[in-house]
Amino acid sequence: MDLEVVKALACDSGFELAGAAPADPVPDIDRFDRWLTRGMAAEMRYLTDHRADVRRDVRRLLPTAKSVICVGKLYNTGPGETGIARYARSIDYHVTMRTSLEELTRRLLAIETFEYKICVDTAPLLERSFARQAGLGWIGKNTCLINQDKGSWFLLGEIVTSLDLTASSPPPDRCGTCTRCIDACPTQALVPEGSGWTLDSRRCVSYLTIELRGPIPEEFHTGVGANVFGCDICQEVCPWNSDAPVTGDPAFQPVVAGPIEELDADAFRATFGKTPVMRSKHAGFLRNLEIVRRNGR
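If you're matching positions, the sequence shown starts at 1 in the working numbering and goes up one per residue.
Since the hints were made in silico from the structure, they are not lab data. Each hint should be verified, as a subset may be incorrect.
Dumping the calculated DSBU-like pairs for lysine-lysine here, alpha-carbon to alpha-carbon at most 35 Å [claimed, not checked]:
no. : residue 1 : residue 2
1   : Lys150    : Lys7
2   : Lys274    : Lys150
3   : Lys117    : Lys66
4   : Lys7      : Lys117
5   : Lys7      : Lys66
6   : Lys150    : Lys281
7   : Lys281    : Lys117
8   : Lys150    : Lys66
9   : Lys281    : Lys66
10  : Lys7      : Lys274
11  : Lys117    : Lys150
Ranges between beta-carbon positions, derived for each pair [unchecked claim]:
no. : residue 1 : residue 2 : range
12  : Cys11     : Ile91     : 15 to 25 Å
13  : Glu219    : Asp33     : 20 to 30 Å
14  : Asp57     : Ala110    : 43 to 53 Å
15  : Asp12     : Pro254    : 24 to 34 Å
16  : Ile111    : Gly196    : 49 to 59 Å
17  : Ile91     : Tyr46     : 19 to 29 Å
18  : Gln148    : Arg107    : 23 to 33 Å
19  : Arg107    : Asp264    : 43 to 53 Å
20  : Asp57     : Ala283    : 30 to 40 Å
21  : Arg31     : Arg60     : 35 to 45 Å
The structure displayed is predicted, hence computed values, not measured ones. The beta-carbon is built from N, C-alpha and C at its ideal position, and this holds for glycine as well.
With the sequences and hints as input, model every part of the structure.
This is the structure we're talking about:
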């Protein structure tokens, strides 16, 4: 199958970015292992569990794999006042992404039979690394995948497939000498690694307000600022997002558009039950909200 056909069908299925990478171990796997060894995954045990072998070789996920189709779906709806990261303001993106990936798979199967495995971010793949190999963008100093024309407000998904597709070419790193994301990070979570930069999750506001269970260390309270769930600062200050497109997809329209008031458990579930905000659980949400109030936000 021709890669241009795959890209066209991906566009028809609702993806703004598409490309293909070989189903080989990505060069970043050793860097990822070093990152784990330094403890930077913090309490995210799903990054250190028994699936490490699958993460090292995608063929353990699909033995017949020859290619990884990588796609990006724009989720940017512009700035808001809720203190919730942009990706989490709408219904759970896992549902939206899987639905679109299934649609793309059906379109491809109508042309040629193949084996496949659909992946969103719950699968043990180094998504950004495969996306870079597939030509979707480079991995910036803020560790986000950045596309030169469309910025970084993208959700990533993959179809691991037995199709033997011509691989796309990885683009050059165009961050240059810019350090806006590093300078703007309120908790200094972007730290040096060799000749580049990496994310120390233990200091990241997104990790602290979403993944961390229990109290947030007091040293980071001020850095949390007005963020109740997640943080977009390193993307908001990125020059490549200065003219980033905004999605008109109804699936990404915010569930909550105004300021958040304190919600009891039932109201919390009623408001956020179908959104990623549920990941913090009600207790975590109240914990975050209290810190934001103390910050005067």
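Hint by hint, here is what the structure shows:
{"no.": "1", "hint": "Lys150 - Lys7", "verdict": "16 Å, holds"}
{"no.": "2", "hint": "Lys274 - Lys150", "verdict": "28 Å, holds"}
{"no.": "3", "hint": "Lys117 - Lys66", "verdict": "12 Å, holds"}
{"no.": "4", "hint": "Lys7 - Lys117", "verdict": "18 Å, holds"}
{"no.": "5", "hint": "Lys7 - Lys66", "verdict": "17 Å, holds"}
{"no.": "6", "hint": "Lys150 - Lys281", "verdict": "33 Å, holds"}
{"no.": "7", "hint": "Lys281 - Lys117", "verdict": "30 Å, holds"}
{"no.": "8", "hint": "Lys150 - Lys66", "verdict": "28 Å, holds"}
{"no.": "9", "hint": "Lys281 - Lys66", "verdict": "39 Å, violated"}
{"no.": "10", "hint": "Lys7 - Lys274", "verdict": "30 Å, holds"}
{"no.": "11", "hint": "Lys117 - Lys150", "verdict": "27 Å, holds"}
{"no.": "12", "hint": "Cys11 - Ile91: 15 to 25 Å", "verdict": "22 Å, holds"}
{"no.": "13", "hint": "Glu219 - Asp33: 20 to 30 Å", "verdict": "28 Å, holds"}
{"no.": "14", "hint": "Asp57 - Ala110: 43 to 53 Å", "verdict": "30 Å, violated"}
{"no.": "15", "hint": "Asp12 - Pro254: 24 to 34 Å", "verdict": "26 Å, holds"}
{"no.": "16", "hint": "Ile111 - Gly196: 49 to 59 Å", "verdict": "40 Å, violated"}
{"no.": "17", "hint": "Ile91 - Tyr46: 19 to 29 Å", "verdict": "22 Å, holds"}
{"no.": "18", "hint": "Gln148 - Arg107: 23 to 33 Å", "verdict": "27 Å, holds"}
{"no.": "19", "hint": "Arg107 - Asp264: 43 to 53 Å", "verdict": "45 Å, holds"}
{"no.": "20", "hint": "Asp57 - Ala283: 30 to 40 Å", "verdict": "38 Å, holds"}
{"no.": "21", "hint": "Arg31 - Arg60: 35 to 45 Å", "verdict": "20 Å, violated"}
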